[in-house]
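Just need the whole structure built from these sequences, with the hints factored in.
2 protein chains.
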Amino acid sequence: MDRKPREDHFLGIDVGNTKLAFAITGDNELTFHEKRVVRTEPELGVEQALDKILTNSQELLETHRDQVKGIGVAFGGFVNATRSIALASPNFPGWRNVPLVNLIQDLAPGIPIKMDNDANVAGVGEATYGKAQGYEQAVYLTVSTGVGGAVLFNGQPLAGSQGLAAEFGHMIVKPDGPRCTCGSQGCLEALASGTSIARIARERALSRANLMLELAGRPEKITARTVSEAARRGDGLAKAILEEVAFYLGIGLANVISAFDPDIVVMGGGVMNSADLLLPGAIQVVKKHLSARGAIVPPIEASSIHDDVALWGAIALAHIAARVVSRS
Amino acid sequence: MDRKPREDHFLGIDVGNTKLAFAITGDNELTFHEKRVVRTEPELGVEQALDKILTNSQELLETHRDQVKGIGVAFGGFVNATRSIALASPNFPGWRNVPLVNLIQDLAPGIPIKMDNDANVAGVGEATYGKAQGYEQAVYLTVSTGVGGAVLFNGQPLAGSQGLAAEFGHMIVKPDGPRCTCGSQGCLEALASGTSIARIARERALSRANLMLELAGRPEKITARTVSEAARRGDGLAKAILEEVAFYLGIGLANVISAFDPDIVVMGGGVMNSADLLLPGAIQVVKKHLSARGAIVPPIEASSIHDDVALWGAIALAHIAARVVSRS
Numbered sequence: 057m058d059r060k061p062r063e064d065h066f067l068g069i070d071v072g073n074t075k076l077a078f079a080i081t082g083d084n085e086l087t088f089h090e091k092r093v094v095r096t097e098p099e100l101g102v103e104q105a106l107d108k109i110l111t112n113s114q115e116l117l118e119t120h121r122d123q124v125k126g127i128g129v130a131f132g133g134f135v136n137a138t139r140s141i142a143l144a145s146p147n148f149p150g151w152r153n154v155p156l157v158n159l160i161q162d163l164a165p166g167i168p169i170k171m172d173n174d175a176n177v178a179g180v181g182e183a184t185y186g187k188a189q190g191y192e193q194a195v196y197l198t199v200s201t202g203v204g205g206a207v208l209f210n211g212q213p214l215a216g217s218q219g220l221a222a223e224f225g226h227m228i229v230k231p232d233g234p235r236c237t238c239g240s241q242g243c244l245e246a247l248a249s250g251t252s253i254a255r256i257a258r259e260r261a262l263s264r265a266n267l268m269l270e271l272a273g274r275p276e277k278i279t280a281r282t283v284s285e286a287a288r289r290g291d292g293l294a295k296a297i298l299e300e301v302a303f304y305l306g307i308g309l310a311n312v313i314s315a316f317d318p319d320i321v322v323m324g325g326g327v328m329n330s331a332d333l334l335l336p337g338a339i340q341v342v343k344k345h346l347s348a349r350g351a352i353v354p355p356i357e358a359s360s361i362h363d364d365v366a367l368w369g370a371i372a373l374a375h376i377a378a379r380v381v382s383r384s
Numbered sequence: 057m058d059r060k061p062r063e064d065h066f067l068g069i070d071v072g073n074t075k076l077a078f079a080i081t082g083d084n085e086l087t088f089h090e091k092r093v094v095r096t097e098p099e100l101g102v103e104q105a106l107d108k109i110l111t112n113s114q115e116l117l118e119t120h121r122d123q124v125k126g127i128g129v130a131f132g133g134f135v136n137a138t139r140s141i142a143l144a145s146p147n148f149p150g151w152r153n154v155p156l157v158n159l160i161q162d163l164a165p166g167i168p169i170k171m172d173n174d175a176n177v178a179g180v181g182e183a184t185y186g187k188a189q190g191y192e193q194a195v196y197l198t199v200s201t202g203v204g205g206a207v208l209f210n211g212q213p214l215a216g217s218q219g220l221a222a223e224f225g226h227m228i229v230k231p232d233g234p235r236c237t238c239g240s241q242g243c244l245e246a247l248a249s250g251t252s253i254a255r256i257a258r259e260r261a262l263s264r265a266n267l268m269l270e271l272a273g274r275p276e277k278i279t280a281r282t283v284s285e286a287a288r289r290g291d292g293l294a295k296a297i298l299e300e301v302a303f304y305l306g307i308g309l310a311n312v313i314s315a316f317d318p319d320i321v322v323m324g325g326g327v328m329n330s331a332d333l334l335l336p337g338a339i340q341v342v343k344k345h346l347s348a349r350g351a352i353v354p355p356i357e358a359s360s361i362h363d364d365v366a367l368w369g370a371i372a373l374a375h376i377a378a379r380v381v382s383r384s
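Protein sequences appear in the order of chains A and B. When we follow my numbering, the leftmost residue of the first sequence carries the number 57, and every step to the right adds one. When we follow my numbering, the leftmost residue of the second sequence carries the number 57, and every step to the right adds one.
Hints listed in this document are in silico derivations from the structure and should not be mistaken for laboratory results. Incorrect hints may appear among the rest.
A pair counts as met if it fits within one copy or between any two copies, since identical chains are not told apart.
Okay, derived cross-link-like pairs now, SDA-like style, lysine to any residue, Cα gap no bigger than 20 angstroms in a straight line [said to hold, decoys possible]:
#1 K344 to D363
#2 K91 to E118
#3 K91 to S200
#4 K75 to E63
#5 K343 to P234
#6 K343 to G273
#7 K343 to T138
#8 K344 to T237
Every value quoted in this text rests on a predicted model; they were computed, and no experiment measured them.
Below, the structure is given as structure tokens:
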């Protein structure tokens, strides 16, 4: 018998392209009771990934039978406007229109479920447990493989008409800029994502002596991390690349702030492990632009919950799902 | 005696840099009972403009004594976050921190008053009486002397932390672009406002034969209207200029849509009298950009209430003010 049979539990699920993560929390929502991580292996197809998602969810639901009061799901791709179907993921070929909420609902009849794209869910995590806590209007900008975002009004993400609000990675910040993975051109993602940092560095690595090439061995082995490491060690080319990236990040931030005028901007994603190298330059650009018309620059801060932010967000979403039901 | 002594009335006030407009509506809110327009004459100073605003308001309030249930004010400049102080107007030197709501409140004790900047108020007008009616999430973009905007959630404008949300004119769409009136560089307003269209045309008018120069007489007499007229008559240079303007308008629209994913975008402002010349090109750019990632382009339409949109918006705001009070 459980010693605390009446404790409420919440299930968070993070469906990413690299890993699938699951966590159960109890009354103390800041500690995971149980956490599982398995590899997604998109190359093995949609069926096997779905099977892993559902099997692990079911096992966790059974272990905590009758205690789970809400389920939150973060999906690393596009979700539809009613947040029930995981439409597609740029890095998971073959994933198309999966009714993920219904499939999980079948395992947990009557338990409220909420799903959203991972950037929105991470934003919810940031607004519930991170630096955006307590702010009425917060913007979350994530810079990793791609660039994504969320706008939180009192902790709830702005969805938009098609569920495509806060697609900050696809704001055009340089109309004649490089091609973007989305097929368009000059998007913030094409200029300031981890992938773009690596691409720019590879293109320039052979042009003059630099530490990046030394660290990576070959141009094609240079990653965004290599660029940061080289910059930290004083490499001129690496520093110049990050300065350029910071500039476009600043333009993107200035545009987001001009659109929303938020109380705070929180920056997350793997590239923000190098926030010390990128944020000061970006904030300089924002200050120069906004102060020209007398607007105050909101705090722009690096996230403090680097790890598991989408999983934490999924737990927060599970709480929201449960609250919505208990209110109605 | 009034034949309809119990009819509710609403007062709308539009404080612009060129004109001050006042209107009273009754139960049939689509017709003005009375409308007054006087010149602002900013060159005569703040005192005289304020005196005109307050005298005209007082006279209209007295004529409709005990019937006015709400007052709405559109201000052609920045307002503070609580929407009580008209901070400053770029084209009204000397106007600083005027407690406009309090001053009007003194004339109308107990009557609810709401004020906002004119772009937001025009957006409210568009959402109440215009093409944005009935949409949950609408964006209003106004292109006239400058470029401004509003985001409407169920007809209510998004304010932002400092009251500076939806400053779409100051989104950077060309980082190395021309100087903007705000002091920064590459803003949408510096590339696609009426003032910018005129500036570009003046710069190029002497470079080759064109109808604009013929129509205006001298380069410095060319206005945005001259460019449209010349383009309509087939002038190549004028058409090329508008094509360029449409391109940047498209970039701006694409960025706004990526940020908000609205149900509809309504375009207003004087320059939209040439919507037929500008919108098709701009929409083309938006389509190309959004369709690359499979997003649906929302309807982008020219406003149908060109005249008095801010005054209509002020009336709508007066209704909102009255409703908020009657609910609480």
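Status of the hints after comparison with the structure:
no., hint, result
1, K344 to D363, "neither (32 angstroms within a copy, 36 angstroms between copies)"
2, K91 to E118, "within (14 angstroms within a copy, 70 angstroms between copies)"
3, K91 to S200, "neither (23 angstroms within a copy, 56 angstroms between copies)"
4, K75 to E63, "neither (29 angstroms within a copy, 65 angstroms between copies)"
5, K343 to P234, "between (26 angstroms within a copy, 18 angstroms between copies)"
6, K343 to G273, "neither (38 angstroms within a copy, 42 angstroms between copies)"
7, K343 to T138, "neither (37 angstroms within a copy, 23 angstroms between copies)"
8, K344 to T237, "between (30 angstroms within a copy, 14 angstroms between copies)"
Hint compliance for this structure: hints 1, 3, 4, 6 and 7 are broken, all remaining hints hold.
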